[in-house]
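On the provided structure of chain A, position chain B as indicated by the hints.
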Amino acid sequence: MFPKINAAFVEKILVGFIRDELGRCGCKQGLLGLSGGLDSAVCAALAARALGPKNVLGLIMPYGKAFPKDVRDAVSLARRLGIRHETIDIAPQIDAYFAAYPTEDRVRRGNKMARERMSILYDRSAAEGAFVLGTSNKTELLIGYGTIYGDMACAVNPMGDLYKTQVRALAAHLHVPPAILKKAPTAGLWPGQTDEGEIGLSYEEIDAILYARIEGRRTRKEIVAAGHRPAAVDLVLRKIKSSEFKRHLPPIAKLSPRSVGHDFLYPYDWGR
Amino acid sequence: MNIALAQIAPKLGDVEANVALHLEVLEKARKKRAGLVVFPELGLTGYTLKDLTEEVALDPARDPNFQRIVAATKGLSAVVGFVEESPADRGLFFNAAAFIADGRLAHVHRKVYLPTNGLFEEAKFFAPGRELRAFEAPFGRAGLLICRDFLHYGASYVHYASGADMIVCISAAPGRGVEGGEAFATSRMWELMGEAMSLFSTAFVVYVNRVGSEDGVTFAGGSFVYAPGGRLVAKAAYVDPDLLFCPVDIAAVREARRTWLFKRDEKPEAIWRSLERIVRVPED
Chain A
65 MFPKINAAFV EKILVGFIRD ELGRCGCKQG LLGLSGGLDS AVCAALAARA
115 LGPKNVLGLI MPYGKAFPKD VRDAVSLARR LGIRHETIDI APQIDAYFAA
165 YPTEDRVRRG NKMARERMSI LYDRSAAEGA FVLGTSNKTE LLIGYGTIYG
215 DMACAVNPMG DLYKTQVRAL AAHLHVPPAI LKKAPTAGLW PGQTDEGEIG
265 LSYEEIDAIL YARIEGRRTR KEIVAAGHRP AAVDLVLRKI KSSEFKRHLP
315 PIAKLSPRSV GHDFLYPYDW GR
Chain B
298 MNIALAQIAP KLGDVEANVA LHLEVLEKAR KKRAGLVVFP ELGLTGYTLK
348 DLTEEVALDP ARDPNFQRIV AATKGLSAVV GFVEESPADR GLFFNAAAFI
398 ADGRLAHVHR KVYLPTNGLF EEAKFFAPGR ELRAFEAPFG RAGLLICRDF
448 LHYGASYVHY ASGADMIVCI SAAPGRGVEG GEAFATSRMW ELMGEAMSLF
498 STAFVVYVNR VGSEDGVTFA GGSFVYAPGG RLVAKAAYVD PDLLFCPVDI
548 AAVREARRTW LFKRDEKPEA IWRSLERIVR VPED
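So the sequence lines, in the order shown, correspond to chains A and B.
Numbering-wise (the numbering used here), the first sequence opens with residue 65 and increments by one.
Numbering-wise (the numbering used here), the second sequence opens with residue 298 and increments by one.
Think of the hints as simulated: they come from the structure by calculation, not from any bench.
Some hints could be false.
Some chain A residues near chain B, calculated using beta-carbon distances under 7 Å [claimed, not checked]: (1) D298; (2) I316; (3) H326.
As the structure is a prediction and not an experimental result, all values here were calculated from the model.
For every residue, glycine included, the Cβ atom is placed at its ideal position computed from N, Cα and C.
Chain B extracted, bound-state conformation:
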């Protein structure tokens, strides 16, 4: 399967323009026979939304703009970042990632960990997601994460424990630190996390970050794919827009799990019992 890393620069607050950009990229990806196109976090809206959050929120099952994207995924899959307001949770806004497969909305992940410190204000405007759930994608089992979710290792563990072949993390990570090299210092952190997680989980790790700038903050780009076992197979440009195609063979998961037996020997029940004790009796 060919994965397209859609490292775009969305236009802040302009859903119409971003839908057009997504459709354009989907068309290019289709021509290159991509099986999966991954867009960044809040790709349909831009990141620094503040009070714009509620104005750009949409219900993916009904919104006509979103339906245009769904319709454009005939024959392929896409991960799309947006602000979700669903009829079941009126007045609550979620930083969400949709998995769309062959013209059908297959899964929505709501960002669980909302960074709210320093330059981040997400919990001021978003409600937190409360669940991590892997699902069946056309190419295998997949789990979605959004940016900061990936830095909480329990989140990846849940996907791993539920059998994910691929962990897809979409991101709007600002670059910080210019003391060395041709990338922001923070890009190295994401790569290290991706490499480590592909080893821990013997799964593919796909990370797509956005580019462009908003209110003085530059998004770092540097999207990547690690194959199971810490093998870097694709790396997009730093800072600049990119549309990178990366062939992946899901059979590599089987190979990795025969070689390193972490998955076979994993004991989620032991973890579960220990976690239950910790959560119930925090002062144990």
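If we strip away everything but chain A, and leave its shape as in the complex, we get:
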């Protein structure tokens, strides 16, 4: 069902993309959040190849001591790649906020942490003159499994057109350590949380349905007829639809004959 990617070729394209996008702005440095998970490991490996390891900064931003193994994996990955890394505990600012506005809502807490990490990345981006590299993959973008203005925020996203299962294939090619490769994917919103547990479907199943819908342009009926569980198909299709807003800049109310976001149309790379 899922055509295999040529990982070496994809690596070449993505390394070139990072180099071109940053180079256009005269920027040699990249930075990203390192979670100890698969996506940020792949992004760091690509960035190290594109920019040289010393030009990549990995920020490890745990909430207190909540995820010790992930922090260890992130540090060991950074050492292995030879990139610069730093650990910043976000607990003081998160705790300060929720002390004033308490909530038990794990999603709210998780989103707040994701946005805190974004805020640190952008501050360090200015301090270091480095571009924030995004780590959202195609699966997350399509089902909206990401925090808007949190982990979805970045200057460039090299991985946004790779399904999660394709990221795994690329990770193996890039020699990402088995500890990270074999780990259950998690957004790290709370201890014990896994993506697949929260969504209720395996990434293999999500990706197969997404592939049929997006690449294959199959209808719901055709996807179900191909052997997918109707409930799973409905869940994925519903998630695609309800998360469309996360894949756009906010709409601008059009008034004039030529409006930003409507008909003032220049390429992203214009003037860079």
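The following block gives chain B in isolation, referenced to the frame of chain A:
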């Protein structure tokens, strides 16, 4: 005859909801004894469809939803905008207008001129229509146009030359320009075109634009009817939904053509010969 200008705000991508809205308006119009109800461009689907285009496309001869609208036109006529995919052109999607009369699909016009510039992306998603053809409506001869078609004056000319008493243009025109007055600046352009065309053609010009907003774009409304000779006989609200009823007397076409003799003196064969030369030898 009473014309109803159905200046609605369709729900983007939701054919079921829009069919219900059309049926509701048709019922109101019937109660007011309307002879013709005109809905806006892509009224059954919404405008900013992008990749939704193929998902909302339908075959007007067979689609059960569309047939509900056809059945609801017993005793009156309606112009309905939709996305057409017909069995003869599988995989091609047309921005279409149907003329339905007394429970029968009488005519389908496929938008010929698809704006693809600035905020418009129609040719990315639609196939262009390739024909303009007037037809016999219960009240006289009529020609359909869709939005941008109307801004290419050859399109109206073809309907005029084939004897149309009424040119009906359905539209999903976004408003642009807020420097003066209580309407978008672009509304004035449509009115000017409508006025001029009713003079040139000594026919009725019925223009129905939608309202509501999609992805930040506000549709301007301002539907209107010009009687032959540039006489404004109805004008709907700008920007807000409206259902405006306008009595028209088709005999005004005869009056206008006796007064201004453009139609009598028209020479389509001279135009045709000249056009043929221009098309065959563009560098003449």
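To see whether the hints hold, each was checked on the structure:
Against a cut-off of 7 Å between C-beta atoms, the interface hint on D298 of chain A is violated, since the closest Cβ of chain B lies about 16 Å away. Interface hint at I316 of chain A: satisfied, since its Cβ lies 5 Å from the closest Cβ of chain B, which is below the 7 Å cut-off. The criterion of a C-beta within 7 Å of any C-beta in chain B is met by H326 of chain A, whose closest approach is roughly 4 Å, and the hint holds.
Against the hints set out earlier in the document, a violation occurs for number 1 only.
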